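Q: Generate the whole structure from the sequences, applying the supplied hints.
Residue strings, one per chain:
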Amino acid sequence: MSVPRYWRNIPQRVRMEALKCKSCGKIIYPPRAKCIYCGKNDFECYTIPEKGRLISFSIIRHPPIGFEHTTPYVVGIIEFENGLRISSQITDVDINELKIGMEVEQVFRKVSEDGKSGIIQYAIKFRPIFQNI
Amino acid sequence: MRRVAIISYGMTKVDRHWNKSIKDLFSEATLKAINKVNIPKVDAIFVGNMCASDLCDQNNIGTVVADHLGMIPIPSYRIEAACGSGGAAILSGFMAVSSGLFDIVVVGGVEKLTDGVGKKATFSLGKAADFEYELFYGITFASLNALIMRRYMEVYKVPREAFADFAVLMHRNGAKNPYAQLQFEINRETVLKSEDIADPIKLYDCAPIGDGAAVVILCPLEDASRYSDSFVEIAGIGSATDTIDIASREDLLLLKSILIAANNAYKMAKVSPSDIDLAEIHDAFTIDAALSLEALGFSKRGEFDKLLYDGAFEPDGLIPVNLSGGLKSRGHPVGATGVYQIAEITMQLLGEAGKNQLKNAEIGLAQNMAGVASNSYVTILKRCR
Amino acid sequence: MRPIIDVVISGWGSYIPIYRLPVEEVARIWGTSADHIKQELLIYEKSVAGIDEDVATIAVEAAKNSLKRSKINPNELGAVFVGTETKPYAVKPTGTIVAEAIGATPKILAADFEFACKAGTECLQCCIALVGSNMIKYGMAIGADVAEGAPADPLEYSAGSGGTAIIVGSKNYEKEPVALLEGSVSYVTDTPDFWRRPKESYPSHAEAFTGDPAYFRHTISAAKLLMEELGLRPSDFKYAIFHQPNGKFPLKAAKILGFTREQVEHGLIVPYIGNLYSGSSMTGFSAILDIAMPGDRILLVSYGSGAGSDAFSFIVQDGIITKRDNAPKVMDYIKKKRKIDYAIYCKIRGKI
Numbered sequence: 476m477s478v479p480r481y482w483r484n485i486p487q488r489v490r491m492e493a494l495k496c497k498s499c500g501k502i503i504y505p506p507r508a509k510c511i512y513c514g515k516n517d518f519e520c521y522t523i524p525e526k527g528r529l530i531s532f533s534i535i536r537h538p539p540i541g542f543e544h545t546t547p548y549v550v551g552i553i554e555f556e557n558g559l560r561i562s563s564q565i566t567d568v569d570i571n572e573l574k575i576g577m578e579v580e581q582v583f584r585k586v587s588e589d590g591k592s593g594i595i596q597y598a599i600k601f602r603p604i605f606q607n608i
Numbered sequence: 026m027r028r029v030a031i032i033s034y035g036m037t038k039v040d041r042h043w044n045k046s047i048k049d050l051f052s053e054a055t056l057k058a059i060n061k062v063n064i065p066k067v068d069a070i071f072v073g074n075m076c077a078s079d080l081c082d083q084n085n086i087g088t089v090v091a092d093h094l095g096m097i098p099i100p101s102y103r104i105e106a107a108c109g110s111g112g113a114a115i116l117s118g119f120m121a122v123s124s125g126l127f128d129i130v131v132v133g134g135v136e137k138l139t140d141g142v143g144k145k146a147t148f149s150l151g152k153a154a155d156f157e158y159e160l161f162y163g164i165t166f167a168s169l170n171a172l173i174m175r176r177y178m179e180v181y182k183v184p185r186e187a188f189a190d191f192a193v194l195m196h197r198n199g200a201k202n203p204y205a206q207l208q209f210e211i212n213r214e215t216v217l218k219s220e221d222i223a224d225p226i227k228l229y230d231c232a233p234i235g236d237g238a239a240v241v242i243l244c245p246l247e248d249a250s251r252y253s254d255s256f257v258e259i260a261g262i263g264s265a266t267d268t269i270d271i272a273s274r275e276d277l278l279l280l281k282s283i284l285i286a287a288n289n290a291y292k293m294a295k296v297s298p299s300d301i302d303l304a305e306i307h308d309a310f311t312i313d314a315a316l317s318l319e320a321l322g323f324s325k326r327g328e329f330d331k332l333l334y335d336g337a338f339e340p341d342g343l344i345p346v347n348l349s350g351g352l353k354s355r356g357h358p359v360g361a362t363g364v365y366q367i368a369e370i371t372m373q374l375l376g377e378a379g380k381n382q383l384k385n386a387e388i389g390l391a392q393n394m395a396g397v398a399s400n401s402y403v404t405i406l407k408r409c410r
Numbered sequence: 002m003r004p005i006i007d008v009v010i011s012g013w014g015s016y017i018p019i020y021r022l023p024v025e026e027v028a029r030i031w032g033t034s035a036d037h038i039k040q041e042l043l044i045y046e047k048s049v050a051g052i053d054e055d056v057a058t059i060a061v062e063a064a065k066n067s068l069k070r071s072k073i074n075p076n077e078l079g080a081v082f083v084g085t086e087t088k089p090y091a092v093k094p095t096g097t098i099v100a101e102a103i104g105a106t107p108k109i110l111a112a113d114f115e116f117a118c119k120a121g122t123e124c125l126q127c128c129i130a131l132v133g134s135n136m137i138k139y140g141m142a143i144g145a146d147v148a149e150g151a152p153a154d155p156l157e158y159s160a161g162s163g164g165t166a167i168i169v170g171s172k173n174y175e176k177e178p179v180a181l182l183e184g185s186v187s188y189v190t191d192t193p194d195f196w197r198r199p200k201e202s203y204p205s206h207a208e209a210f211t212g213d214p215a216y217f218r219h220t221i222s223a224a225k226l227l228m229e230e231l232g233l234r235p236s237d238f239k240y241a242i243f244h245q246p247n248g249k250f251p252l253k254a255a256k257i258l259g260f261t262r263e264q265v266e267h268g269l270i271v272p273y274i275g276n277l278y279s280g281s282s283m284t285g286f287s288a289i290l291d292i293a294m295p296g297d298r299i300l301l302v303s304y305g306s307g308a309g310s311d312a313f314s315f316i317v318q319d320g321i322i323t324k325r326d327n328a329p330k331v332m333d334y335i336k337k338k339r340k341i342d343y344a345i346y347c348k349i350r351g352k353i
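Protein chains in written order, with the numbering used here: chain A, 476 to 608; chain B, 26 to 410; chain C, 2 to 353.
In case anyone wonders, no lab produced these hints; they're calculated from the structure. Model, not experiment: these values are computed from the prediction. Beta carbons are placed, not taken as given, at the ideal position from N, Cα and C, and that holds for glycine. Mixed in with the good hints there might be a few duds.
With a straight-line cut-off of 35 Å between C-alpha atoms, the simulated DSBU-like cross-links for lysine-lysine are [as the list claims (entries may be wrong)]:
1. A:Lys497 to C:Lys348
2. A:Lys526 to C:Lys348
3. A:Lys526 to C:Lys256
Using C-beta positions, here's what the derived DEER-type ranges look like [stated by the list, open to error]:
4. C:Lys336 to B:Arg41: 27 to 35 Å
5. A:Glu578 to B:Leu217: 26 to 34 Å
6. A:Gly558 to C:Asp7: 26 to 34 Å
7. C:Lys336 to A:Ser477: 27 to 35 Å
8. C:Asp326 to B:Tyr334: 51 to 59 Å
9. A:Gly558 to B:Glu210: 55 to 63 Å
10. B:Gly125 to A:Gly593: 50 to 58 Å
11. A:Pro524 to B:Lys331: 35 to 43 Å
12. A:Pro524 to C:Met294: 32 to 40 Å
A: Here is the structure:
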């Protein structure tokens, strides 16, 4: 991935910065110029909550270019209290303990790297809740 | 707006055409179409293609095909809507003729997936999804469908076997289609024992990787009888978009863009789902078939398996689905698929479908889409007398 | 050394990956005696960073935990320093990756320090200086590593992964101090006991030389110097934490200095997770903060090959009571574990 493309989305993929539509209250992530639900463009900043629930998952056994030697890994859709859903990887999880509805939490991890000499791409992934504090 | 007819069609077999390039395939299909009719000229070419830039290192495809066909200097350009490029090309051709700007146009789609060796083809296909927020995480295109499939099975309690049995039906149809890539029958075991791609999707839930080109020739309906004895009308056409990333969908299990596109097409053609005699739907993955059938109004939500087992989708059923074998068996040369569907329905409506011929086919529907229905095209064709 | 302004700890947090490679597994591959190794090193298993983990990811989780306890806004930090010998980039600071991830940029100092296993406490010394001179309000010092020993080398049994972040601030400003710094000392000489040349994947070491002339000389000298400066004796401390390359060295250093086993025991985490290198003594310290009570005096002595030791004396304050439970404790991370075999270890550490 080109350096500018990775760097540009650090606030969204690392600090989980999203937009909240002031008109309809829905959370927009990834960010858009206008709300995809009500069409207005009046937003406020919103940070995606730490914890959510896994509403679906899949285990990748045929990786795409850039993810060789990392299989099997888990991808999933996580839903948050406010109805927001995002896609991400689920890490530190035993494949046998995966269940729709399980609670997961944010964790900062390596996603990929551009070979041995390119940059490393980091982002937030999710893992089973470590501890309910 | 002028009414638009399809007066001819041409297709290559879908296959791994190692010895043929984009130019070869598109010209082969175009010449097949042109040689069947008596047209004085071609005013423009609209070509759908998704992956040429990545896999063939070639842009400017419109020029490339016009050049190879010896048709310069007519206007010619590429339309790209991922796996919906074919359907989008049809829409472009339709707009060109119905607007009155052009009279006779060649509308086609072509794809050379096998020019991408190894993982390059699937990586290129994956770009139908959201690169920054899906592919970035290593979420493959197959796994996006897998996420929806798992959720669908969980919510509606539809058994895994139903998806396998749909693939079996596809192969049974495709085995009789000389243009199909995979002309052999399979059984449920074949699917369920095939390789894991992205749980729960297995190899035989997925359309194969192949190359091909399909072309139709459009002209104003009022002129059609001048060029051909038999023709069909594009009676209705609709298109719609949805979010590029599936997580942002309001309802993960509703392919809303298909619903909207279909409603627009039904309205324009003045028909309803029960009037449709046959459908060519976009079964890139077996889950796509289920959701497409539901969005098109052929099945209630979560009940595609009921209709499947009632025989509704069989060649002699209520709504014969994918008599061509569909994407699963006929194949999915992505940019061309949408045009294959149109050509196949045209073939059926004109009584030229051979072993797969449906009797008295009057109205057919084609549904083509990008990604998991982030961009959809629904076209309704009517037989003309 | 004492800063002009009194410096306190505002928050602390650790992170240890869940994967564990038992000594038995490594011994199985090379045909050595697991019992012998366990006895010699007092190590049973070591923590291994997952396939998607590195010093940056470990540092970020430790940093976030320290912020949860500290309760400050990340943009109040004036420095984020990462001490490590396994930087993800040879050139590009991990500090900026961490600072950006926690929302502490752009008005911040951020750099990586290297002093083998004492890089983390070196960061701490500098944060103390920056806070203590009133240049910054809060500073975060992180010691973290994903160290590896070469296959079949003794270090393969002990080199573990993990890290700790400590936030320090000024006593005048911090409302709920966790611990007050009494003073610190740094004792350093050019002693090449353990090193890694740039193009080598694994470090080299001088075997027995790493003992008396290296670890023990610097650890004991730094501790003695600090106690002299502060007029303290071993019995004045409730806890003492030393750098833990294995279980034996810190116990021996403690004994030589006159500390009891009880004073050292609670901070001895190496038997369960191995040597965290720059994270070692700081994580031992974190484990003590997880249980210490106001009034307890704690001695922290790190050791870094090359060589040197930083020694600190802290007195625990009332803030520790309300802050302690806001983040996972070291024992929580130690207990959360998944055993792996040598093949998975090679896969996730990129050896194949």
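Q: Would you mind marking each hint as holding or not holding in the structure?
A: Taking the hints in turn, this is what the structure says about them:
Restraint check: the Cα-Cα separation between lysine 497 of chain A and lysine 348 of chain C comes to about 47 Å, which exceeds 35 Å; the hinted pair is violated. The hinted pair formed by lysine 526 of chain A and lysine 348 of chain C meets the criterion: a straight-line CA distance of about 29 Å does not exceed 35 Å. Note on lysine 526 of chain A and lysine 256 of chain C: the hinted pairing is violated, with a Cα-Cα distance of about 46 Å set against a maximum of 35 Å. Distance hint for lysine 336 of chain C and arginine 41 of chain B: a CB-CB separation of about 54 Å, inconsistent with the stated range 27 to 35 Å.
For glutamate 578 of chain A and leucine 217 of chain B, the hinted distance range of 26 to 34 Å is satisfied, since their beta carbons lie about 32 Å from each other. Between glycine 558 of chain A and aspartate 7 of chain C, the C-beta spacing of about 48 Å breaks the proposed range 26 to 34 Å. For the pair lysine 336 of chain C and serine 477 of chain A, the supplied restraint of 27 to 35 Å is violated, since their beta-carbon distance comes to about 42 Å. Between aspartate 326 of chain C and tyrosine 334 of chain B the C-beta distance comes to about 56 Å, which sits within the given range of 51 to 59 Å.
In this structure, glycine 558 of chain A and glutamate 210 of chain B break the distance hint of 55 to 63 Å, their C-beta atoms being roughly 45 Å apart. A C-beta distance of roughly 53 Å is found between glycine 125 of chain B and glycine 593 of chain A, which places it inside the suggested range of 50 to 58 Å. Against the hinted window of 35 to 43 Å, the Cβ-Cβ separation of proline 524 of chain A and lysine 331 of chain B comes to about 39 Å, which satisfies the hint. Look at proline 524 of chain A against methionine 294 of chain C: about 34 Å separates their beta carbons, and that is inside 32 to 40 Å.
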